[in-house]
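Here the protein sequences come in this chain order: A and B. Per numbering that gives the first Met the number 0, the very first residue in the first sequence carries number 0; after that it's consecutive. Per numbering that gives the first Met the number 0, the very first residue in the second sequence carries number 0; after that it's consecutive.
Any given hint could turn out to be false.
Computed beta-carbon distance windows for the label pairs [what the hints assert, rightly or not]:
| # | chain 1 | residue 1 | chain 2 | residue 2 | range |
| --- | --- | --- | --- | --- | --- |
| 1 | B | Glu50 | A | Gln383 | 27 to 35 Å |
| 2 | B | Ala396 | A | Asp150 | 35 to 43 Å |
| 3 | A | Ala483 | B | Thr535 | 50 to 58 Å |
| 4 | A | Ala483 | B | Gly337 | 52 to 60 Å |
Below, computed lysine-lysine pairings styled on BS3-like, alpha-carbon distance capped at 30 Å [what the hints assert, rightly or not]:
| # | chain 1 | residue 1 | chain 2 | residue 2 |
| --- | --- | --- | --- | --- |
| 5 | A | Lys597 | B | Lys645 |
| 6 | A | Lys645 | B | Lys525 |
| 7 | B | Lys597 | A | Lys597 |
| 8 | A | Lys23 | A | Lys54 |
| 9 | B | Lys597 | A | Lys645 |
| 10 | B | Lys597 | B | Lys439 |
Since the hints were derived computationally from the structure, they do not count as laboratory data. Virtual Cβ for every residue (Gly too), placed ideally from N, Cα, C.
2 protein chains.
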Amino acid sequence: MSLAQTLFAPRAVALVGASGDANKNTARPQRFLARHGFAGRVLPINPTRAEVLGKRAYRSIAEAPQPIDHAFIMIPEVEQALEDCGRCGVPVASIFSDGFADAGEAGAARQARLAARARELGVRLLGPNSMGVIDLPGRLALTVNAVLEMDAPPAGGISMVSQSGTMLGTVLSRGAARGLGFAKLVSVGNEADLGVGELVGLLAEDPATRVILLFLETVRDAARLAEAARRAHAAGKPVVAYKLGRSVLGERLARSHTGALAGSDAAMDAFFRDCGIQRVDLLEALFEIAPLVEGRAPPRLGSAGRAPRVAVVTTTGGGAASVVDRLGLSGIETVAPGRDAPIIDLTMAGTSAQYAATLDSLLVSPDCDAVLAVVGSSAMFHPQHAVEPILHARRAAKPLATFLTPHADASLALLAKGGVAAFRTPEACADAFRAYFSWKEPREVPAGIEFDLPTRETKFNEKSALELFAALGIAVAESQVAHAPAFAHSVSYPVAAKILSADIAHKTEAGGVILDIFDENDFREKTKPLANLGGTILVQRMERGLVEAIAGYRDDPLVGPLVMVGAGGMLAELYRDTVVRLAPVSVAEAEEMVAEVKGLALVRGYRGLPRGDVRALAETVAALSRLALARGRPVAEAEINPVIVKRDGAVAVDGLVVLKG
Amino acid sequence: MSLAQTLFAPRAVALVGASGDANKNTARPQRFLARHGFAGRVLPINPTRAEVLGKRAYRSIAEAPQPIDHAFIMIPEVEQALEDCGRCGVPVASIFSDGFADAGEAGAARQARLAARARELGVRLLGPNSMGVIDLPGRLALTVNAVLEMDAPPAGGISMVSQSGTMLGTVLSRGAARGLGFAKLVSVGNEADLGVGELVGLLAEDPATRVILLFLETVRDAARLAEAARRAHAAGKPVVAYKLGRSVLGERLARSHTGALAGSDAAMDAFFRDCGIQRVDLLEALFEIAPLVEGRAPPRLGSAGRAPRVAVVTTTGGGAASVVDRLGLSGIETVAPGRDAPIIDLTMAGTSAQYAATLDSLLVSPDCDAVLAVVGSSAMFHPQHAVEPILHARRAAKPLATFLTPHADASLALLAKGGVAAFRTPEACADAFRAYFSWKEPREVPAGIEFDLPTRETKFNEKSALELFAALGIAVAESQVAHAPAFAHSVSYPVAAKILSADIAHKTEAGGVILDIFDENDFREKTKPLANLGGTILVQRMERGLVEAIAGYRDDPLVGPLVMVGAGGMLAELYRDTVVRLAPVSVAEAEEMVAEVKGLALVRGYRGLPRGDVRALAETVAALSRLALARGRPVAEAEINPVIVKRDGAVAVDGLVVLKG
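Only chain A is shown next, with the shape it has when bound in the complex (with noise of 0.2 Å):
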């Protein structure tokens, strides 16, 4: 049997610490199991009874009758219970025990060996600290979620993996109240094993799955998730995920200098993005789009920049506008093909068969991308009326989303019904859109060969940082190093003489630069009080350009190699106005980086200020991103700050490397 099988379509399953008491959780799989229709055999395993709660019970795996696909466990003996998987050949264990990676340091070494002692065996984990694995058109219901407790929650197309077994539960209950069918959940836990990545894959091969969506509390497989992302792409499955930590990580993260620029949250976007995942902002978006992206394919706006267009038809002004006003802050327009108006109003015209005829109309025009049909009132008190040429709509050319103004559980129930995205609120609604048009097809990396760092430093200064540059391809300043007392160079004037150390992280603050120096005897004038700050100074053709930017590499623990650009300066740096994606790039994708920094408008053309020289930024950025090539991956961060953008040319003027380890 495949994996697959084994976990969501066991044909036996051991529910090891299965309780009597019907009112405790470790009851809750049989009790589930059974009130959802599970058709294959059930075993609970209690060393202290003969039955639970009235079905045979065994005091082992070992006792109990082979073969078994899929160990449930439940008690603290987690090591003795996986000793009998292994024993009798259970292939899969899902753990709800906890104490492992969520209880310390000591539990993550416990979950290490538990892990180890897994592969030996031979057996697949789900968790620890895992609630279990749904699948509804399956009936299966291993879980000890309490969400389960509800009746029969409707069989569809959306599987879901969670890293938060109740936030899962809440997608499930919130989800079926408003009649989305769901196939696969499944809860992560620790992901010891199994982690968000390979279940992702699993649902990718699933004909029962037609869009994955994702909640994550971080990302603990970036390879394996982005390579499973890829194939559900490939697969037709629209990937969504929300995600938390916009706040929390970010300020973590803030305190390594290049995460200072990048931000946590920003890795996080940039890989969704290159993975082609969709990342919604609001948590009830999370369901509510998936009706609009089933099916699906990143949307092709044909010119680059064009903004996304969105007809709106709507029978309430107020309810259309609140849509309208969030589209607006995210770049979305709203347009009424051969109307004056920025939204068809229906209120007073108002036949049904005008309404279908005009959605029907919108769906096949070239002039919009998506149509938004807004209800009023009548969905709350005539459903079938108010959805019903929305139900029949011919949607299959372009997304159609629904907003009701009003309390309306049963017209939302209808549309689910009918496949049609209805959203609640007029943010979700929004969020999706914006999701939808941020949607991008999995990035090609682009083809570079692995090369050897061509370096043997370990600590890096600024010259031999600047060095690593010049070597990776990019322009770097003219730099001689120059000893006391005489600091003998022959770079030509003017120039800049600044401490050479790799300890010294801000020198200017420390005054251990000095900028144009014009010729020999200012030199010599300035350069003297540097004889006491170290032995040592780089001498430095002084660069004059347009404006400063800043470049950076970071290899984040995370989610791999990010190369960031952004503009420089203190007042860049207090707006973190910088741009981040999965190294490497191509000198391509690294111009559409730069378009993306605002503050580098100012040598886009700005006010009629002259053009710099943007592709040869791009040239750079995509030279610092092949770092992300090196064999072996040495380098934890490097960054370029400033890099001068010319008229004609770009030029590294400082910079730090930090290696691993």
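Starting from the structure of chain A, add chain B where the hints point.
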């Protein structure tokens, strides 16, 4: 009878145009009045019928039995109906009919005539284009709003004034479904006479009203609304607004020079803030926030700049994190007094008594400013048990909010009934906390006496603008007007020379500005080309400082005089880094504004940089804001760009002044 009585508690209402066809909108008021138990007399007015829906009908208001306290006009012949009201002494007419300001210029003129005639007749108008008036405790449903089809919406203390009739229905239907109780709801339509401000004033004095909600598309009577909001505040009734136009209006006003930086939505924010009105960002937060703020005053956090602290108690880590994450984005900290963790997780502990004790101890703790209880799946299946300890918490001392992660209508209703703020989404919950913690006392406009603008100019050039600023007490750069060909002057070097013209907006780009002229020879050489551009230049002492700022004044057509301060330079302009308040402001208030400008961190001690005289900048801003006190408010717009902030002092270098008309 008072206006409030005739509006909300009429002894008799005339329904002008009441239809005998129960399916028509115009039949609704009669049906709704009966359905919801109106105790007064209902008089259908219909020239073609002797009876309407079982009630004796009259051919005109004049023929109906008098006195009539309130007429609801639903016919196109509004003017005729108004005359009838005037003749019969009907003190208030609510007008559902449209075709006025909602219908172009001709309609606007028609509305102006109607309003003028109503004043002559002594009839107060609600509308036109109003859906009417609802008073739930008073059992008045004088409205065409379909939402009243519902069975007895709960009566309570929430009142609402809405510029959108359908969105009034939306809030009532969603709130009522939740179990929230409403008092008075008014759809103001076009506000030809009775506007949002006057209605808020009535609600401020209404004993049944405890919280006032506003759904706004614009502001038509800012001064009156400001005054009414103050009275509501004095009466202990929080006012909460949801306002559209965050993106659209912002774009429109971006055309004006100061507007480009200030943005109209920032003006609205300033207005709401100064009026003591809380502004929510999400639609559902508008009503969900009511129990959170009812009976409360703006928070006092003690030391200025301290982050607000919310203690979070939860039975689900993922659910709490979904709120905490967003609170963090608004700069709100989460705390767990007396514990190591950032939140208080009772998942495993969880007896009801423990939960209650924890809540109560937090509600009296000096270590947090508000409390959030997050409830997981128990809210779905055991509502009574789940919300019991929350309902009995001693929440007088501190705001207490709940977020329920699953679909949990019964729990939401129990909480609403118990007066506990309950949020359906993590985002609305965080939005409400943000609005609450941003809530300020209505601002006392600093005492200031009206003065005459000390100038007779009607069109200002840079010289006369600087003179006006100097007259306001602002330090300006030494300047002299000089004429071709010699451009004789006595300003001490270094100087700048600028073409003097009110017509060249962007002098720098036109080549009309020469900086850094260091002596007389240099001057002669460099000013030669200017002789061709125009005969007159301004010679100005070159001012050097630490940073450039921008200060602006604008008499906003909606909210009146505004003052703005921002970081200067093109980069800051790109980032729209400005802070806006209603003008005038005191120096202390201007200092608060300056402290909020991100880019001015450069002179607040950022990275060890020298500190600038931010007090002097604040004095400049406060002085500029005094334009709001000029008799007749002749100034449309004024801007100082740049103000150069020095270590000691701040000086206005360039500016513009535009008068109205």
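Against the structure, the hints come out as follows:
no., hint, verdict
1, B:Glu50 - A:Gln383: 27 to 35 Å, "33 Å, holds"
2, B:Ala396 - A:Asp150: 35 to 43 Å, "42 Å, holds"
3, A:Ala483 - B:Thr535: 50 to 58 Å, "57 Å, holds"
4, A:Ala483 - B:Gly337: 52 to 60 Å, "57 Å, holds"
5, A:Lys597 - B:Lys645, "28 Å, holds"
6, A:Lys645 - B:Lys525, "26 Å, holds"
7, B:Lys597 - A:Lys597, "16 Å, holds"
8, A:Lys23 - A:Lys54, "16 Å, holds"
9, B:Lys597 - A:Lys645, "28 Å, holds"
10, B:Lys597 - B:Lys439, "21 Å, holds"
The structure shown violates none of the earlier numbered hints.
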